[in-house]
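Read in order, the letters of the sequence shown are residues 6 to 120 in the working numbering.
To be clear, the hints were calculated from the coordinates, so they are not data collected in a lab.
Treat the hints with care, as some may be off.
Said to hold, decoys possible - Here are the simulated lysine-lysine pairs, DSSO-like style, with alpha carbons at most 30 Å apart:
#, residue 1, residue 2
1, K106, K69
2, K15, K106
3, K90, K69
4, K69, K97
5, K90, K106
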Amino acid sequence: MGAISQANVKFVGTHAGISIGTDGPSQMALEDFALFRPIPHSLVFYPSDAVAMENAMVLAANYKGIVYIRANRPDTPIIYDNTEKFEIGDNKVVRQSENDKVTIITAGVTLFEAF
Numbered sequence: 006m007g008a009i010s011q012a013n014v015k016f017v018g019t020h021a022g023i024s025i026g027t028d029g030p031s032q033m034a035l036e037d038f039a040l041f042r043p044i045p046h047s048l049v050f051y052p053s054d055a056v057a058m059e060n061a062m063v064l065a066a067n068y069k070g071i072v073y074i075r076a077n078r079p080d081t082p083i084i085y086d087n088t089e090k091f092e093i094g095d096n097k098v099v100r101q102s103e104n105d106k107v108t109i110i111t112a113g114v115t116l117f118e119a120f
């Protein structure tokens, strides 16, 4: 109904995903993406560090529509420089070489593990 009425709402979820720490596997909310992605014209952000989170908040605030941001619970290393530009629908290549044999696509808390 929110999509039909063109609701302009923002949601932030915490304690979601596979890295919630001491709460254990019974508390791992994995359905959060599945709940928001089917909503027409909704956006889902899964920032990888504090810089990406700040940018996700700005993008969400300036987007007219439904936005869900999954916030990381654990402390994560800073990956992006404060001057990094983020855009809706864009992606980032954080590391590559001419010897690459595999492409790894990741988001959120798992990015620094692959980085």
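Against the structure, the hints come out as follows:
Note on K106 and K69: the hinted pairing is violated, with a Cα-Cα distance of about 40 Å set against a maximum of 30 Å. Taking the CA atoms of K15 and K106, the gap is near 39 Å; set against the 30 Å cutoff, the hint is violated. The straight-line distance between the Cα atoms of K90 and K69 is roughly 20 Å, inside the 30 Å bound, and the hint therefore holds. Distance restraint check for K69 and K97: the Cα-Cα separation of roughly 24 Å lies within the 30 Å cut-off, and the hinted pair is therefore satisfied.
As the CA atoms of K90 and K106 are separated by approximately 27 Å, the hinted pair is consistent with the 30 Å bound.
Comparing the model with each earlier hint shows violations of hints 1, 2; every other hint is respected.
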